[in-house]
Structures are given as C-alpha cells and as structure tokens.
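Colleague: Chain by chain, the residues run as shown.
8 protein chains.
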Amino acid sequence: MAKKTMKSKENPARICVVMGSDSDLKGLTPCMETLDGFGIDYEVYIASAHRTHEYLKRIIRKFDRAGGSVVIAAAGGAAHLPGVVAALTTLPVIGVPMVSKLLGLDSLLSIVQMPSGMPVATVATGGAKNAALLAVQILAVSDGRLRAKYEDFRAKQAEGVMAKSKKLQQKGYLHYFDE
Amino acid sequence: MAKKTMKSKENPARICVVMGSDSDLKGLTPCMETLDGFGIDYEVYIASAHRTHEYLKRIIRKFDRAGGSVVIAAAGGAAHLPGVVAALTTLPVIGVPMVSKLLGLDSLLSIVQMPSGMPVATVATGGAKNAALLAVQILAVSDGRLRAKYEDFRAKQAEGVMAKSKKLQQKGYLHYFDE
Amino acid sequence: MAKKTMKSKENPARICVVMGSDSDLKGLTPCMETLDGFGIDYEVYIASAHRTHEYLKRIIRKFDRAGGSVVIAAAGGAAHLPGVVAALTTLPVIGVPMVSKLLGLDSLLSIVQMPSGMPVATVATGGAKNAALLAVQILAVSDGRLRAKYEDFRAKQAEGVMAKSKKLQQKGYLHYFDE
Amino acid sequence: MAKKTMKSKENPARICVVMGSDSDLKGLTPCMETLDGFGIDYEVYIASAHRTHEYLKRIIRKFDRAGGSVVIAAAGGAAHLPGVVAALTTLPVIGVPMVSKLLGLDSLLSIVQMPSGMPVATVATGGAKNAALLAVQILAVSDGRLRAKYEDFRAKQAEGVMAKSKKLQQKGYLHYFDE
Amino acid sequence: MAKKTMKSKENPARICVVMGSDSDLKGLTPCMETLDGFGIDYEVYIASAHRTHEYLKRIIRKFDRAGGSVVIAAAGGAAHLPGVVAALTTLPVIGVPMVSKLLGLDSLLSIVQMPSGMPVATVATGGAKNAALLAVQILAVSDGRLRAKYEDFRAKQAEGVMAKSKKLQQKGYLHYFDE
Amino acid sequence: MAKKTMKSKENPARICVVMGSDSDLKGLTPCMETLDGFGIDYEVYIASAHRTHEYLKRIIRKFDRAGGSVVIAAAGGAAHLPGVVAALTTLPVIGVPMVSKLLGLDSLLSIVQMPSGMPVATVATGGAKNAALLAVQILAVSDGRLRAKYEDFRAKQAEGVMAKSKKLQQKGYLHYFDE
Amino acid sequence: MAKKTMKSKENPARICVVMGSDSDLKGLTPCMETLDGFGIDYEVYIASAHRTHEYLKRIIRKFDRAGGSVVIAAAGGAAHLPGVVAALTTLPVIGVPMVSKLLGLDSLLSIVQMPSGMPVATVATGGAKNAALLAVQILAVSDGRLRAKYEDFRAKQAEGVMAKSKKLQQKGYLHYFDE
Amino acid sequence: MAKKTMKSKENPARICVVMGSDSDLKGLTPCMETLDGFGIDYEVYIASAHRTHEYLKRIIRKFDRAGGSVVIAAAGGAAHLPGVVAALTTLPVIGVPMVSKLLGLDSLLSIVQMPSGMPVATVATGGAKNAALLAVQILAVSDGRLRAKYEDFRAKQAEGVMAKSKKLQQKGYLHYFDE
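Chains as they are written, first to last, in this note's numbering: chain A, 1 to 179; chain B, 1 to 179; chain C, 1 to 179; chain D, 1 to 179; chain E, 1 to 179; chain F, 1 to 179; chain G, 1 to 179; chain H, 1 to 179.
Think of the hints as simulated: they come from the structure by calculation, not from any bench.
Note that the structure is a prediction, hence the values are computed from the model and not measured.
Where is the CB? At the ideal position from N, CA and C, for every residue including glycine.
A portion of the hints provided could be inaccurate.
[Said to hold, decoys possible] List of simulated lysine-lysine pairs, DSSO-like, C-alpha gap at most 27 Å:
{"hint": "1", "chain 1": "F", "residue 1": "57", "chain 2": "G", "residue 2": "26"}
{"hint": "2", "chain 1": "C", "residue 1": "62", "chain 2": "A", "residue 2": "26"}
{"hint": "3", "chain 1": "H", "residue 1": "26", "chain 2": "H", "residue 2": "156"}
[Said to hold, decoys possible] A few chain B residues facing chain A, derived, Cβ under 7 Å:
{"hint": "4", "residue": "80"}
{"hint": "5", "residue": "113"}
{"hint": "6", "residue": "114"}
{"hint": "7", "residue": "115"}
{"hint": "8", "residue": "158"}
{"hint": "9", "residue": "162"}
Kindly produce the complete structure, drawing on both the sequences and the hints.
Modeller: Spelled out as structure tokens, the structure:
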C-alpha cells in the first residue's frame with residue numbers, strides 16, 4: 001500500500017513538499033524518506049510555478065492556513081518554484097536545486113540569488129536529504145523532542161563514519177570493499 | 001514634461017514594460033527610448049514577481065484583456081519576473097537579464113533556462129535596446145508599416161557602421177577619436 | 001511516408017526552421033512535432049552559417065519574400081547560425097542553443113549575447129519545444145484562432161500537472177511509478 | 001553609544017551572528033539592522049573557523065546551551081565558517097556567502113554544497129538582509145507575534161514597490177529620479 | 001598626420017584588420033602598433049558581421065583577390081565576426097575576443113568553439129598584440145627576413161625581462177618602483 | 001603496415017604534431033587523418049612539456065632547423081604544452097585543448113590565455129580536425145596549389161551540407177535517418 | 001592479506017591520509033599506491049570534518065604529537081576537510097578536490113581559496129597521485145635518500161613518455177594501440 | 001636601502017621566489033614580507049616561463065644545486081610558470097595564481113590542474129602570503145625552531161581575531177570602525 005500523504009484536519013501536516021515536475025520525484029525521494037524516518041507529518045505535491053500557478057497558490061495558502069510550518073520546494077533549470085512559493089507565504093521556504101543539463105548551476109543560481117526582502121533557504125544541488133534535515137532543525141527550534149531525535153541522528157551519523165574508518169584500519173584500502 | 005506612459009482605452013498600448021525594481025530603470029531606459037523612437041505605444045511598470053505578485057497579475061491581465069501584444073520584463077539575480085509574467089499571459093514575453101553581482105550570469109540563466117512548455121524570449125545581459133527591437137520585430141509580423149520602419153532602422157544602422165569605417169580609413173587609428 | 005516540408009506557393013509556410021548540422025536533427029525534433037501539433041506550415045533546412053552561407057542566404061531571403069513570419073535557428077558550440085540569420089532578414093529570429101561539449105554554455109552565450117541593434121530571441125539550451133511555442137505565441141499576436149489553440153494547450157498542460165499531483169496523493173511517492 | 005550586543009542570562013539572545021573577519025562587517029551590517037528592526041535579541045562575533053576554532057566552539061556551544069535558536073554565519077572565499085558552525089550545533093545555521101575576488105562564486109559553492117547529513121541554509125551572495133529575514137521566519141514558526149510583524153514587513157515592502165510604480169506612471173521614465 | 005591605412009595596388013596589404021565596432025578600437029590599438037613596428041602593410045576596417053554583412057564581404061573578398069594573406073578579426077559578446085570572416089575567405093583568420101560584460105568569456109567561447117571544418121586561430125581575451133604577432137609568425141613561414149625580425153623581437157623581449165630581474169636583484173622588492 | 005611518420009632529410013616535414021600523452025592520441029586522430037587527406041608531410045610525437053622537457057626541445061629545435069613550418073600541440077588540464085612549444089620556436093604554434101575532467105575549460109584557458117608577446121593559435125576544445133585545417137591555411141598562404149586544394153575541400157564541405165538539406169526536404173524529419 | 005595501515009610507535013608514520021567519506025576511497029587509491037611505491041609509512045582514515053569533528057581532531061593531534069610530517073586530506077563538494085585539518089595542526093596540509101556533481105569545481109574552490117593565514121597546498125581535481133608525490137617532495141627536502149628515489153621516479157616517468165613516442169614513430173598513429 | 005635578495009654561498013637561500021612579470025610584484029609583496037618576518041633567506045627573480053626559459057632554467061638549477069628547498073612561482077592568465085619550474089627541479093613548487101582579466105580563474109586552472117606525475121602546490125588566487133606560510137610549513141617539517149615560530153604566528157593570529165571580536169562586543173557593530 002502507498003504511504004498516505006494527505007493529513008486529517010485535526011493533526012495538520014507540518015511540512016509541505018512541492019516539486020515542479022514528476023521528473024524530480026526520484027531525486028527528491030530521500031527528502032520524503034528522511035521526513036518519514038523522523039516521523040514528521042508532511043504533504044507532497046507536484047505543482048509547477050508557471051504551468052499551474054493557481055493550483056500552487058491553493059496548495060500553499062491551504063497549508064499555511066491549516067497551521068503548517070515549513071515548505072520544501074524542488075525544481076531544476078530556471079528554477080522559480082521556491083521563489084514563487086516564498087512569495088505566496090510568510091513561512092520559511094527551503095529550496096532544492098535539482099541537477100539539470102547545466103549540472104544544476106542554473107537551478108542553484110535561480111534559487112539562491114533571491115532579491116533582498118524575499119529569502120529562500122537553499123541547500124546543495126540535489127540536496128533532497130539535507131532539505132528534510134533543515135526542515136527538522138527548523139521545527140526543532142520549538143520542539144525539544146524532535147531536537148533530541150535530531151541529536152540522536154547526528155550522533156549515529158558520526159558513529160557510522162567512525163565505524164567505516166575502523167573497518168579501513170582493519171582491512172586496508174585494498175580490501176575495504178571486499179565481502 | 002514627463003513622457004506619458006498611460007494609454008487611453010480606445011488606443012491601447014501594444015507593449016507592456018515591467019521591471020522588478022527601480023534600480024533597473026536606468027539600465028532599461030534604452031528600451032523605452034527605442035520604443036519611443038519607433039512611435040510605439042507602451043506602458044511601463046515597476047512590479048516585483050515576489051513582493052507584489054497580485055499587483056503584477058492585475059497589470060498583466062489588464063494589459064492582455066485590453067488587447068496588448070508583447071510584454072518586456074527585466075530583472076536581475078534570481079530573475080523570476082519574466083517567467084512569472086509568462087505564466088500570467090499567453091502573449092509572447094521578452095526577458096532582459098540585468099547585470100548583477102555575478103555579472104548577470106545568474107540573471108541570464110534564471111531567465112533563459114525556462115522549462116519546456118513555457119518559453120521566455122531572452123536577449124543579452126543588459127540588452128534593453130534589443131528587447132525593444134525584438135518587440136518591434138514581433139509586432140511587425142502583422143504590421144507592414146512598422147516592418148518598413150524597422151528595415152529603415154536597420155539600413156541606417158548599417159550606414160552608421162560604414163561611415164565609421166570610412167572615417168577610420170581617412171583619419172587612421174591613431175587619430176580616429178581626435179576632434 | 002515522410003512528412004512533407006515543402007509548401008505550395010499559394011499557401012506559404014509561416015515558419016522556417018534551420019539547423020546547422022544533421023547532428024542537431026534529433027534534438028530539434030520536438031520543435032517540428034510541436035509545430036505539427038499546432039497545424040502550422042513550416043519549412044525545415046540544414047544550412048551552416050559558415051560552410052554554406054550563400055545557400056542559407058537563398059533560403060532565408062526566399063522565405064522572407066514569400067511572406068514567412070518567423071525563423072527558428074538551432075546550433076551548437078560557437079553557434080553563429082541564429083545571429084547570421086538575424087542579419088539576413090528583419091523577421092524575428094528564435095535561437096536554440098544545442099547541447100555541446102561545454103554543456104551548451106558556449107552555444108547559449110554565442111546566441112544570446114548578440115550586439116545592440118540585432119536581437120535573437122533565445123530559448124533554453126536544448127529548448128526545441130519552447131522555440132516552437134514561442135513562434136506560436138508570436139504568430140498568435142495577430143491570429144486569434146491560433147491564440148485560442150495556444151491557450152487550450154496551456155490549459156491542458158496545467159491539467160496534466162495537476163493530474164500527476166493527484167496521482168501522487170493517491171499512490172504515494174514510493175508507488176508513483178508502479179504500473 | 002554603541003548598540004549593546006551582550007545579553008543578560010534571564011533573557012537569552014535568540015540569534016547568534018558570526019563573521020569570519022572584520023572585513024565582512026560592513027557587508028553584514030544590513031543583517032544586524034534588520035534584526036534590530038524586528039526587535040530581536042542577538043549576539044554578534046568575529047570568529048574564524050580556522051584561526052580560532054576553539055573560540056568559535058565556545059561561542060556556539062554557549063549560545064546553544066543558553067537557549068539560542070538560530071546561527072547566522074557569514075564568510076568569503078573558501079567559506080568554511082557556516083559549515084563548521086553547523087558541525088558544532090544542531091540548531092539551524094544560515095550561511096551568507098560574502099562577495100570575494102571570484103565574485104562570491106567560491107563563497108557560494110563552499111557554503112551551499114554541504115555534504116548529505118549536514119545542511120546549511122544558504123542565502124544569496126551578499127545576502128545579509130535576507131539572512132536576518134530567514135532567521136525571523138524560522139523564529140516565527142513558533143512565535144505568532146513575530147510572524148505578524150513579518151507579515152506586516154512584507155505588506156509594507158509590497159506597498160513600497162507599488163508606490164514606486166505609481167511614481168513612474170506619473171513622472172515618466174525620463175523624470176523618475178528628478179527631485 | 002594620421003597613419004595611412006589604404007594601400008596602393010602594386011604593393012597590396014598583407015594583413016586585413018577588422019573590428020566589429022569603434023568601441024573595440026582602443027583595445028585593438030596594440031595590434032596596429034605592433035604591425036607598424038614590424039613594418040607590415042595592413043588595412044583596418046570597422047565592419048559588423050551582422051549590421052553590414054555585404055560591406056564586410058566586399059572588404060574581405062577584395063583583400064583576398066588583391067593577394068592579402070591573413071585577416072585579424074576582433075569582436076566582443078556573441079562575437080561572430082571572426083567566424084563570419086572565416087566563411088568568406090580561405091585565408092587564415094585570427095580571432096581576438098574583446099573584453100565584455102561577462103569578462104570576455106562569451107567573446108572567447110563565441111570565437112574559439114568554431115565547428116569542425118571552419119577554424120579560427122584564437123588568441124587571449126584582449127590579446128590584440130598577440131594577434132599581430134601571430135600574423136607576423138604566419139607571414140614569416142615564407143618570409144625569412146620577417147622571421148629574422150621576429151626572432152630579434154623575441155630576443156629583445158627576453159632581454160627586457162632579464163633586465164627587470166636584474167633591477168629587482170639590485171633594488172630589492174621594496175624599492176623596485178622607486179624613481 | 002603503419003603510416004610512416006619519419007621524413008627523409010631532403011624532403012622535410014612541414015608540420016610537427018605533438019601531444020602530451022598517448023591518452024590524447026585517439027582524440028587527435030582526425031588531425032593526422034586530415035593532414036594525410038591533404039597529402040601534407042608531418043611528424044607526430046608524444047612529448048610532455050613537464051616530464052620530458054629536454055626531449056621536447058630536441059624535437060622542436062630539430063624540426064625548426066630542418067625547415068618545418070607549423071607546430072600543432074595538443075594537451076589537456078593545465079595544458080602547458082602549446083605554450084612551452086611556443087617558447088622553443090618562432091614558428092606559429094597551433095594549440096588544441098583536449099577534453100578533460102572540467103569539460104576542457106581548464107585546457108582551453110591554459111592554452112588560449114597566453115601572455116602578451118607569446119601567442120598560441122587556439123582552436124576549439126577537441127578541435128583536432130580544425131588544427132589540421134588551420135595548419136593547411138597557414139601553409140597555403142605561400143602555396144597556391146595547397147590553397148586550391150583547401151578551396152576544393154571547402155566547396156565539397158558546402159555541397160555535403162546542401163545534400164543533407166535536400167535529403168531532409170525529401171524524406172522529412174521523421175524519416176531522415178531511415179535506411 | 002590487507003596492507004597494514006597502523007604504525008608501531010617506535011617508527012611513526014610520516015604521512016596521514018584522511019578522506020571525508022568511503023565514497024572517496026576508490027578515487028584516492030592512487031595516493032596510497034604511490035606512497036606504498038616509495039616505501040613511505042602512512043596512516044589512512046575516514047573522518048568527516050562536520051560529522052566527526054572530535055574524532056578528526058584526535059587523529060590529527062595524535063599524528064602530530066607522534067612526529068608525523070604531512071597530512072593529505074581529500075573531500076568533495078563544499079570540501080572543508082583540508083581546511084579544517086589545517087586549523088588543527090601546523091604541519092603542511094595537502095588538499096585533494098574530489099570530482100563531484102559540479103565536476104569538482106566546487107571541491108576545488110572550497111579547498112584552494114583558503115583565507116590569508118591558513119594555506120592548504122591544493123592539487124588538481126582528482127589528483128590523488130599528485131598529492132602523494134607532493135608529500136614525497138616535501139619529505140625529500142630533508143631526506144636525501146627519498147629525494148634520490150623521487151629523482152629516479154621522474155627519470156623513469158620521462159623514459160616512459162619517450163618510449164611511447166618511439167612506439168608511435170614505429171607503428172604510426174593508426175596502429176599504435178594494436179597488439 | 002633596498003633589502004638584499006642575493007645570498008652568499010656559505011649560507012644559501014632556502015626559498016626561491018619567481019614571478020612571471022614585474023606587474024606581479026605588487027601583488028606578490030606580502031609573500032616577501034612574510035618570509036622576511038620569519039627571517040627566512042630567499043632569492044627573488046622575474047623570469048618568464050616562455051620569454052626567458054633558459055634564464056629561468058639557470059636560476060632554478062643554480063638554486064637547486066646550491067641546496068635550496070622550496071620554489072614559489074607566481075603568474076597570471078595561462079600561468080605556466082609554476083608548472084615549468086616543477087619540470088626543472090624535484091624540489092616542491094608552490095604556485096600562486098595572480099588575479100587576471102578572468103578574475104584569476106584562468107590562472108588558477110592553469111596552475112592547479114597539473115597532469116599526474118608533476119604536482120604544483122597551489123594556493124588561493126592572489127594568495128601571496130599563504131604561499132610564504134606554506135613554504136614555512138614545509139621547511140618546518142625538519143626545522144623545530146621554525147615550527148615553533150610558525151606556531152607562535154598562528155597563536156598570535158588567533159589572538160588578533162579574538163581581540164577584534166571583543167572590540168565588536170564592546171563598541172557594537174555601528175561604532176566598530178570609529179576612532
């Protein structure tokens with residue numbers, strides 16, 4: 001059965017994930033998986049800033065009124081989606097530059113170089129997982145339990161790196177990837 | 001007296017010029033001067049794609065309903081204005097990337113790399129005059145008199161270059177700029 | 001049977017598509033398919049700005065005299081074709097930067113950075129479909145029926161995005177691409 | 001008298017602003033001015049990620065333990081400060097790429113391209129004001145009064161743009177900047 | 001009195017220098033000065049590849065028929081001039097990318113990335129002097145006296161560098177520029 | 001049997017082709033094939049500017065003394081080979097930037113941005129064939145028969161393009177590549 | 001059996017190799033192979049500048065106190081590892097920019113553009129072997145035997161190039177790669 | 001009186017500083033000042049890799065034979081000097097990319113992207129001071145007194161930053177630069 005992405009009204013989603021096209025879905029999957037891992041309620045939509053501006057507006061305004069907290073917007077090329085979402089809400093907006101024909105450099109500049117007065121919190125090109133983690137950090141500012149979970153994630157992440165280093169000491173660089 | 005930029009209803013403006021900020025006005029002035037030179041009725045507005053989306057929508061929708069033909073939109077940095085205008089109308093939209101802290105490379109990529117299904121006709125970084133000329137060419141597709149004017153402009157432009165070349169032959173490169 | 005690309009004189013082609021080399025043909029195919037979809041008469045040629053300048057001149061001048069309206073020119077690398085076409089006619093010229101060894105950055109800059117006085121309406125790198133749509137928009141300025149068709153295209157395009165979003169709501173991100 | 005930047009313990013600063021060098025101070029001033037405008041308590045430090053790592057660690061750890069919420073870190077060139085701060089705390093970190101010899105492209109890439117698992121919320125090159133506004137948005141997620149202030153700021157910002165547009169309609173582009 | 005740049009028929013110019021605009025004249029002056037220094041007959045023109053294609057064709061064809069040897073073409077932005085000249089003659093063409101709003105990167109790529117089958121010998125951005133020296137080297141392939149002159153130039157150039165090095169040894173780096 | 005690349009003394013090679021590594025050989029093959037096609041005698045070597053400077057010097061000095069005319073040097077990355085060859089001879093040097101991990105942008109800049117006083121005639125990234133053609137053009141300045149051959153090559157090249165265009169007219173874009 | 005990478009205390013390792021992630025291991029292998037080839041004792045670790053700062057600090061401080069000489073640090077993207085290592089020791093640090101989604105340009109700028117007062121000796125993108133060779137050169141400054149080995153390596157490297165050139169002379173370019 | 005830069009034979013210079021042109025002298029001055037500050041004997045020359053290859057070779061070979069330890073080479077544009085020096089000695093070579101018309105991006109790539117087998121230790125664009133510090137670090141590997149000096153420098157550098165931070169706390173950001 002598919003993961004449900006619609007929230008009941010009494011327990012509104014805290015995060016809204018929007019992507020410009022379903023060609024971004026695969027690259028954005030680590031974002032949803034990370035939010036799932038932290039047990040955070042979120043909604044996820046496909047909505048083009050240009051092709052479906054009214055639909056996008058409905059999504060964002062509804063999410064905002066329902067008490068949502070953070071929007072994650074992913075797009076590539078002349079990636080206007082995060083900026084257009086920023087114009088539709090006063091909630092913090094996280095922008096994810098998707099990799100494109102120009103290696104994502106166009107996506108990155110189109111998202112990060114926002115004019116004064118209208119910020120978008122930009123993560124790395126293809127940084128789907130980091131977008132989710134940044135959203136977690138923002139929610140954790142006022143949610144001690146979530147912050148504890150995030151600290152736990154960070155500690156485990158560190159242990160993972162050190163375990164790999166230990167393995168490298170033991171097996172040597174020539175046999176590290178041996179079964 | 002200031003040039004009038006509002007049009008009476010019985011004779012609607014054919015071109016709508018929008019810039020994202022009054023910091024773009026000086027760089028965009030050759031656009032308006034060129035339109036004036038061709039005697040074309042136009043409107044000119046300051047409207048940010050992000051800060052004043054509703055106002056922008058009113059301007060573009062009104063211009064469209066009134067029978068306008070082409071929109072010229074100029075912006076810098078993460079320049080979303082031309083793309084957002086393109087989403088608000090089915091008229092052709094000409095995008096002018098204004099020079100920015102990154103030399104206009106961000107402006108250029110943010111305007112030209114539009115997704116499939118939503119074109120913006122992009123001119124050079126800082127290409128205010130060319131935006132006006134392209135608008136003239138588009139109008140001239142169905143306006144023989146305007147096309148004749150544009151052909152005249154092109155012929156004069158060629159004569160200007162050749163006159164300079166002749167002057168260079170006569171004065172030599174060391175004295176070309178002498179009075 | 002091959003699509004016919006030659007037009008009878010009594011019903012001249014409205015658009016002329018030129019590409020610099022047959023290596024551009026595959027990338028440019030969405031342009032012709034889009035024009036076919038809108039039922040627009042067009043001609044299509046292979047003509048190098050450098051290797052076959054006289055041939056190019058004949059094509060463009062003939063198209064212009066026959067009452068054509070817009071030229072679409074596609075090229076890669078030091079992509080001079082759109083600019084050279086612009087010099088051969090006063091019709092609007094749409095430039096398509098083909099993807100190259102330098103990701104199309106050279107193609108893009110060679111097409112878009114045209115000098116003042118000689119614009120080329122540039123679309124995204126590899127933007128074959130958008131070139132056709134921009135040509136449609138230009139023709140639609142004086143052709144109400146074509147404009148209605150283009151508005152219909154835009155509405156359908158929006159519906160397509162929203163249908164995908166609905167599917168994502170229903171199936172969830174993990175099962176979106178399942179059959 | 002100088003603005004005070006040290007906070008008493010019973011009312012801890014919500015934001016910590018760190019810059020890599022006092023050569024960044026002038027460029028970062030709009031950040032502090034904006035925070036002042038919103039009446040937000042903040043601390044401001046000069047601390048190099050490389051030259052004074054231990055000092056930086058003390059600042060960030062102390063700010064974190066005291067109940068701070070968001071860190072803003074600004075640096076140029078191989079700008080490691082925001083990433084190093086991100087490693088020292090689990091609070092959200094906003095990175096400001098300062099303009100450099102390479103136009104800030106090096107600063108931008110050094111800040112935004114963070115590895116998976118360690119995000120930095122990046123704003124535009126030189127985006128000091130936007131860093132402050134993003135911090136405001138993050139605090140406002142759990143602070144309705146601050147959110148109302150930010151909505152007010154956004155509304156005033158929109159009015160400012162529209163007032164300029166009206167002035168342009170009235171004075172015309174040639175006289176806009178006249179006294 | 002201005003340097004004469006027109007040649008008598010019995011003694012045709014060996015080099016033709018063309019620039020796209022008189023705004024390139026100042027930057028190109030070291031080219032003419034260097035040719036003067038080697039005593040090489042040359043012609044110099046202003047001719048735009050786009051605005052004055054027919055005039056350019058006349059110049060190049062006439063120079064070619066008269067027995068000229070090398071063309072130097074300088075342009076900026078979407079710098080098509082060298083490529084267009086290459087299409088008009090089978091003589092070797094040297095391209096000089098003039099510095100532009102994008103630092104000359106657009107000029108460079110527009111000149112150097114020529115398609116297979118149509119080379120342009122490209123020198124550095126702003127490399128006016130090197131264009132002249134390369135032309136000298138090409139002429140010197142079949143002109144022993146000129147080659148001897150060029151070898152002499154190279155030897156003197158080397159001596160100049162060594163004299164500066166000696167001065168640095170004697171005065172020290174702190175006083176090198178002292179009078 | 002392998003093509004011979006060593007020349008007898010009484011009939012010296014006119015062109016010397018040097019590449020920095022045998023990893024450049026495949027990319028450079030169109031250069032040798034083109035020279036073969038024009039029947040031009042050439043030598044071809046592998047010689048690193050850094051690893052085998054003395055060997056390179058012997059090759060270039062010997063070629064120069066033997067009456068050679070043009071050197072073609074190909075290299076990638078921090079491509080110093082063409083510039084180092086230029087320092088070893090007063091003959092014209094053609095530089096070919098080989099495609100690299102950075103798409104050849106490093107190779108291109110390392111070759112074309114030579115200091116004033118020491119030009120390298122640079123062709124496109126990967127422009128092996130154009131390097132040969134440029135060498136042919138340089139030799140043809142004083143070799144009427146070779147120039148006639150080159151003009152013939154250019155005419156055939158034009159015919160090839162036009163034949164493809166005719167085929168496109170006949171078969172249509174959907175069937176152009178059908179057998 | 002795996003190569004041992006831990007050193008006994010009486011014979012401390014001279015070089016410490018650190019990589020940010022085991023995804024860098026394959027690309028960095030030529031570094032370890034080269035050090036092995038020179039018979040140099042080294043340690044090799046996986047340690048993220050951000051995820052495991054304390055662990056990294058322990059490694060570097062221990063290596064430093066034990067009498068180590070040079071650190072090689074490899075990372076990609078916003079590659080802070082070399083700079084962070086430089087802050088942890090006064091030993092020379094060699095930085096290796098690993099190839100990334102942006103071709104390693106982000107890695108390169110993040111490593112090489114270090115602020116004044118804190119150098120990192122940067123090698124080419126993907127330059128694992130050169131990092132090892134540079135470390136050898138640094139050790140050889142005070143180790144005559146190692147310097148002799150390195151000179152031998154350089155001589156053999158030169159011979160290798162010349163042998164390939166000879167083979168090219170003998171077999172010709174068309175048969176060079178034939179068995 | 002000028003600083004002396006020639007060393008007596010019994011006490012050979014440990015470092016050789018070479019720049020490609022006296023236009024680099026001003027930018028390179030912090031390098032010499034830093035070496036002076038550490039009391040390190042050095043030589044300083046102007047020597048072009050291309051114009052004065054034989055002179056450069058004499059300098060480097062002599063320095064090498066006399067027992068020198070490290071070469072610092074600075075150049076701009078197609079900056080071959082560091083690489084050419086690397087080919088002339090087996091001593092470690094530090095490359096300094098000088099700022100150029102292309103912001104030093106060409107200088108940087110021309111220096112850092114050296115082929116496998118021939119490293120250059122590259123510092124930041126314009127990184128004259130860091131080149132000196134890196135040389136100090138390399139010498140300090142086998143010179144405990146110098147290492148102690150360098151550690152002292154680093155400690156003082158840290159204190160300088162912290163003093164500025166303290167001043168910022170006391171005076172506030174608005175009065176930091178007040179006298």
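Colleague: Now tell me, hint by hint, if it's right for this structure.
Modeller: For each hint, the structure was consulted:
1. F:57 x G:26: Since the Cα atoms of residue 57 of chain F and residue 26 of chain G sit roughly 37 Å apart, the hinted pair is violated (cutoff 27 Å).
2. C:62 x A:26: 48 Å, violated
3. H:26 x H:156: 26 Å, holds
4. 80: Holds - the Cβ of residue 80 of chain B comes within 7 Å of chain A, reaching about 4 Å at its closest.
5. 113: With a minimum Cβ separation of about 4 Å from chain A (threshold 7 Å), the hint on residue 113 of chain B holds.
6. 114: Since the shortest Cβ distance to chain A is 5 Å, the answer is holds.
7. 115: Hint on residue 115 of chain B: holds, closest Cβ of chain A at ~6 Å, below 7 Å.
8. 158: 35 Å, violated
9. 162: Hint violated; residue 162 of chain B Cβ to chain A Cβ min 39 Å, cut 7 Å.
Hints 1, 2, 8, 9 from the list above are not met by this structure, while the remaining hints are.
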